[in-house]
Amino acid sequence: MNFPAELKYTKDHEWVRVEGNEAYIGITDFAQKELGDIVYVDITTVGDEVEKEAVFGTVEAVKTVSDLFMPVTGKVLEMNKDIDSAPESVNTDPYGKGWMIKIAISNPAELSELLSADAYKALVGA
Amino acid sequence: MKTTALTQKHISLGAKMVEFAGYNMPVSYSGLNDEHMTVRNSVGVFDVSHMGEFILKGEHALDLIQKVTSNDASVLTDGKAQYSCLPNDKGGIVDDLIVYRIDAKTYMLVVNASNIDKDWNWIKQHDTWGVEMHNISEKTSLLAIQGPKAMDTLQKLTDIKLADIPYYAFAKGKFNGVDNVVISNTGYTGAGGFEIYFENEYAEKMWDNIFEAGKEFGIKPIGLGARDTLRLEMGFCLYGNDIDDTTSPIEAGLGWITKFTKDFTNRAAIEAQKQNGVSRKLVGFEMIDRGIPRHDYQLADAQGNIIGKVSSGTQSPSLNKAIGMGYVKTEFAKADTEIFVVIRDKAIKAKVTKIPFLKK
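Order-wise, the sequence lines are chains A and B. Take the first sequence: its letters are residues -17 to 108, numbered as in this note's numbering. Take the second sequence: its letters are residues 2 to 361, numbered as in this note's numbering.
Derived from the structure by calculation, the hints contain no laboratory data. Possibly wrong hints are sitting among the right ones.
[As the list claims (entries may be wrong)] Estimated spans, in silico, between C-beta atoms of each pair:
1) A/94 with B/330: 48 to 58 Å
2) B/129 with A/-17: 53 to 63 Å
3) A/36 with B/139: 47 to 57 Å
4) A/92 with B/345: 18 to 28 Å
5) A/89 with B/247: 42 to 52 Å
6) B/257 with A/92: 52 to 62 Å
[Said to hold, decoys possible] Here are some, though not all, of the chain B residues that point toward chain A, as calculated from beta-carbon distances under 10 Å:
7) 25
8) 28
9) 29
10) 33
11) 34
12) 35
13) 227
14) 292
15) 293
16) 315
17) 318
18) 323
19) 344
20) 345
[Said to hold, decoys possible] Short, incomplete list of chain A residues facing chain B, as computed with Cβ under 10 Å:
21) 19
22) 22
23) 42
24) 45
25) 46
Here the structure is a predicted model, which means the values were calculated and not measured. C-beta atoms are modelled at their ideal positions from N, C-alpha and C, and glycine is treated no differently.
This is chain A alone, in the form it adopts within the complex (with noise of 0.2 Å):
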């Protein structure tokens, strides 16, 4: 499995892209084999802000539902609307084209509880 050194991650198995004030969310390698075949991520927060820990939205796989929580506090700036049409991309490439949202970060400080790719190696044992 694939955890790419310059992502921050979630013990519940997102990950962060951090850009300036802003940044990319998505699911680990690790979480899309658990889930299996995606059929549609469900974001009901564009707009929003939404506390860290939150659920910002729920990925619906084939056999299994799971809530995406946000990584840090922030505001819900866009959801990746290509994965409503291709939600497949979120399985074959979830660093890459299955990116979930973008935000705007509101606590910066917060960004320091996340974890490496290597501690986030660890916790799943890959």
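On the provided structure of chain A, position chain B as indicated by the hints.
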């Protein structure tokens, strides 16, 4: 956790394993959609050795079967099988099962893994004849080879002419060099194919040779995940989801395996339901708006009144839409009735659909 004779094989093939009915079982290998379509389009193999098998023998074996099951097993002839259920005495179902008539005095009952002990005790409890019973579950392996290329695959391994075995019939004979293999034209997928029963010691050789025989068709191992989506497209009930100790065969749409030509457990109450009607029914439905129904989600009417709940649901890989089954108040059971599935506090539109979802 219990294992089947093939558990190590699944692990070595890289299957994702889960606990199911106390067994360490493969839930997926190459991916659920891929496995599902492999069975629909070609051929796939399921290890379902966790299922339970009982042998009932003797003069009164049929009497006991007639007493505990809802279908009429007296119509079976040698080499025929029948889908049936064990009604309890409170209006529900102990289990659903397949009854095989090996000969007039020998029957095999195939039951769900999660219910082996419950069924065994239930049947024993109703045995006033002293019928000889053997629980051969632990030493019996069961492979389901399903899909349009299943027959071509398996025919390479036996001289028994598989095309001569009708649906819900079986042959007992030499298969892959092993004697007394039960080769049954049954399955849980609607894709056609066979289920084969044999002793554990032959399991690895069976598995390997079946895969060799099916190589030209792109045969693949299939997990329990795809087993569930395949059966759901056909509207087949899953015990524990769609039927259980509290659902009656009539509510569940299993009137066709409930025969009042004979006496059986709780017959009077079930017959009364058949005559007077039931207040809820198991229906199929498909989603109109986006959402995937899941077990235990509530079902509502347009005003938001709760009218029932989902018993099974999934995204259908073949139909590429979300489908489900659930119990609804009888007035909502007609095809095309608009109903709503409550998904994360939102009512998502669906409509009642005739099953099977997947038409031939």
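For each hint given before, does the structure comply? Return the numbers of the non-compliant ones in rising order. As far as the earlier hints go, only 7 is violated by this structure.
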